[in-house]
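Student: Quick mapping for you: the protein sequence lines, in order, are chains A and B. FYI, the numbering for the first sequence is 0 to 293, going by numbering that gives the first Met the number 0. FYI, the numbering for the second sequence is 0 to 293, going by numbering that gives the first Met the number 0.
In short, the hints are calculated from the structure, not lab data. The structure presented is a predicted model; accordingly, all values stated were derived computationally and were not measured. Note that CB positions come from ideal geometry on N, CA and C, so glycine has one too. Hints may be right or wrong, so weigh each one.
If we take Cβ atoms under 7 Å as the criterion, some of the chain B residues that face chain A in the derived model are [claimed, not checked]:
#1 S6
#2 T11
#3 L21
#4 R26
#5 D30
#6 P33
#7 L259
#8 E266
#9 Q270
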Amino acid sequence: MAASVRVHLSRDNPYKLERISPAGTQVVVPGDVITSDTGFMRGHGTYYENDKLYASVAGSVEKINKLICVTPLKTRYNGEVGDVVVGRITSVEQKRWRVETHSRLDSILLLSSVNLPGGELRRRSEEDERMMRHYLQEGDLISAEVQSTFSDGSLSLHTRSLKYGKLGQGTLVQVSPSLIKRSKTHFHNMPCGASIILGNNGYVWVCPSINEEDESAGGFAQNLEKIAPSDREVLARLANCVKILAASRIMLFDTTILVAYEESLKHEVKELLRPDVMHDVAQLTIQRMEAEHS
Amino acid sequence: MTDYLLSEAEKTFILHGVQSKLRSDGRGNSDYRPISVATNVIAAANGSARVTLGETQILVGVKVNIDQPSKEKPDEGKVELFVECSTNAMQELKNPQEKCFSLASALRKLYANETCFDRRKLCLLPGHKCFVLSVDVWILEYGGNLLDAAALAIKSALFSARIPKIEINQDDEGRIDLDVSDDPYDMIRLPVDNIPLYVTLFRIGNGFLADANQPEAACSVARLSVGICANSRISAICAEGGGSFDPETITDMIHTAEQLGPSLHDELMTQLEKEEKLLLSRGLLSASENDLFD
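Isolated chain B (complex conformation):
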């Protein structure tokens, strides 16, 4: 995945670590590095979040605009997702542009299913007006396991997103009037309960690791990313890397992902709700709690 050089002895050390289930930083094969999250970090965006996973840092901004829905899907809103790399991270990645594209396509797959994210909720007036959610993902620093960190950041940003309440009035002549509420605190939120997260498993030798850091990722020839919802249902699977998988290994990996996924969701949501209370108490957030679908 990267140009990260390792000596044969270091690779052997990591390989034996996977076999002994004790990694070079003391973690087991399924342990994640400490994750830190902060939302509402970009004042100008409707929603934002910054996630640090070990050395990896991802920043996500969510902005909302109004546009016409596409002709093929007139009753659905749009979601646009783009991934960009900071200059700092570009130096660590062998092919940053390619990496960004593959990351973006893997992330889009995650929200493609309508059970995970129902685009119809983003529609204001079928055939005429809909919301466009622009999700911009910035890779600030690369330290292994970008996909998991990006998915965590996107879910956090969507949780924190506040969209102004808009009333649609269509008069007899067919003119559409969009009325934004006068109250600046009249906001609606996005439903994030079913939004999935990625759990990426890196195959090293005959075993596999969750959340590999840079040296471990450099030893891994193949990885499987499983998109998991909070209820353990799988929404997407991507495989990357030039190596191959044993069919048994794939089953084991999916099984591990099904166990790790709910823990990730629970921990993240607990902390996000805690932060929301903290921000509300400091007066940094509005108090209205309307859901998108009522």
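The shape of chain A in the complex, shown without the other chains:
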């Protein structure tokens, strides 16, 4: 296989994406005055000073009836109850695990919030505490749901369902949480032969197809077998498509990812890392999404 090395100039970067923004989108930076009208309620990302409403984050203004809020372009993850997140275990503590979810504070996964092997429902004993590291270690990736938020804003997670649990082989792509569209389900089995988990916290997990009948993701046994090169290619292509969508700030949900995947098929997987190809795929995705909406 011929090795490839490509150098390009940063000055040579006129890649601008043509897209139709919804009418009336106002983009603000911290310190911008949104309105001087005092009749509005202030939401997230705003603050009042001298009867004027200012933006405190950089993002787009959203007006919902009388509520004005600013959704930031790039932010740490602010958890809501019921969100699906993909997190990494950073430490094992007494009766709980500390999980990194790209939020302002570490999230917590309590021992009482996980399913015990064998599916038993019983009180956690001391032995369970000692066996914690056998189940989840530092570095492990998990998919979980936000059970509640503590008073300081940190999240309490749970994996009390068969679809959550330790993640096996695959690739993690980290994007901004503001790009993940909230939807009914965050677990998608893509028709191209891979599965994708869109964590609300911006962590996107691409893995080989999860067979519903075989073993549930909540199990302990991890499949460490070699994945076929054809499947690897699909995973790599999907991961690169997610990176392309994120770099062009296109919302991530199953439709956009699928469209980007289809548009990327005419390029080789490793070509999808090049800025001109990235721009091409992003532009085609935007065009198709706008065509389907109009």
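Add chain B to chain A, keeping to what the hints say.
Tutor: Then chain B, alone, in the frame of chain A:
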């Protein structure tokens, strides 16, 4: 190398990827991520360059001063090289200070050979005056493979460096007069044809990769950096990491580096020359083209 946590399954996935010669982003084992370069980014420096290699970003500034040559080498100029880490990158590296020191010493090794960079060309008046080249390397962002990116950035910065033409006059009483040319565009350039670049190969399992990103670098226990000139001659070799090498693997790695090195040089020089033409046409650069040795 870093504190980057990975699960066992992710490490297995990467290891199998190396064996199948298909990485998680679709690259082969010897493919580099897209490299972007920009020179003359620091107006106050004699030469500067910023290189982006995947997520890694390095900024290099070259400044020239006049000093007395050292007593041991009175007919040679001096080159000082320092590496520093931005706060952003410091968070990603386990031991940033140590990392900077080891990077600096590896880079100094690269230019130690006089065929690569002849310090005698920097001498103005043997025993009295010489040029001192201060090369400052800034790690702006860490995304794996710092050494290769730093070497690319230094070569680009040296290519773009413009030193004012200085005339030395020594009168009968031994007083030295330094005359800087009145014409602000009367500059001399440094010879960069023989300046080597690093090709770092990361050993993972029984195979090896070129240009590892963060997760891949975290799986690698040992790496070999080969300093290669444009004509495939080796100027330096450094080994890092706690793991061991099989003698056959070392030979294979050097062989791969000998093939990748010239491609890196060619691509880089093509783009640098293209950028120079672009800057000249926009009037941002002076037109004089005197070489250091004439």
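Student: Now tell me if each hint is right for this structure.
Tutor: Outcome of the hint check:
1. S6: S6 (chain B) check passes; min Cβ-Cβ to chain A is 5 Å, inside 7 Å.
2. T11: 5 Å, holds
3. L21: The hint holds - L21 (chain B) has a Cβ within 7 Å of chain A, the shortest such distance being about 5 Å.
4. R26: 5 Å, holds
5. D30: 5 Å, holds
6. P33: 5 Å, holds
7. L259: 6 Å, holds
8. E266: 4 Å, holds
9. Q270: The hint holds - Q270 (chain B) has a Cβ within 7 Å of chain A, the shortest such distance being about 5 Å.
Against the hints set out earlier in the document, no violation occurs for any number.
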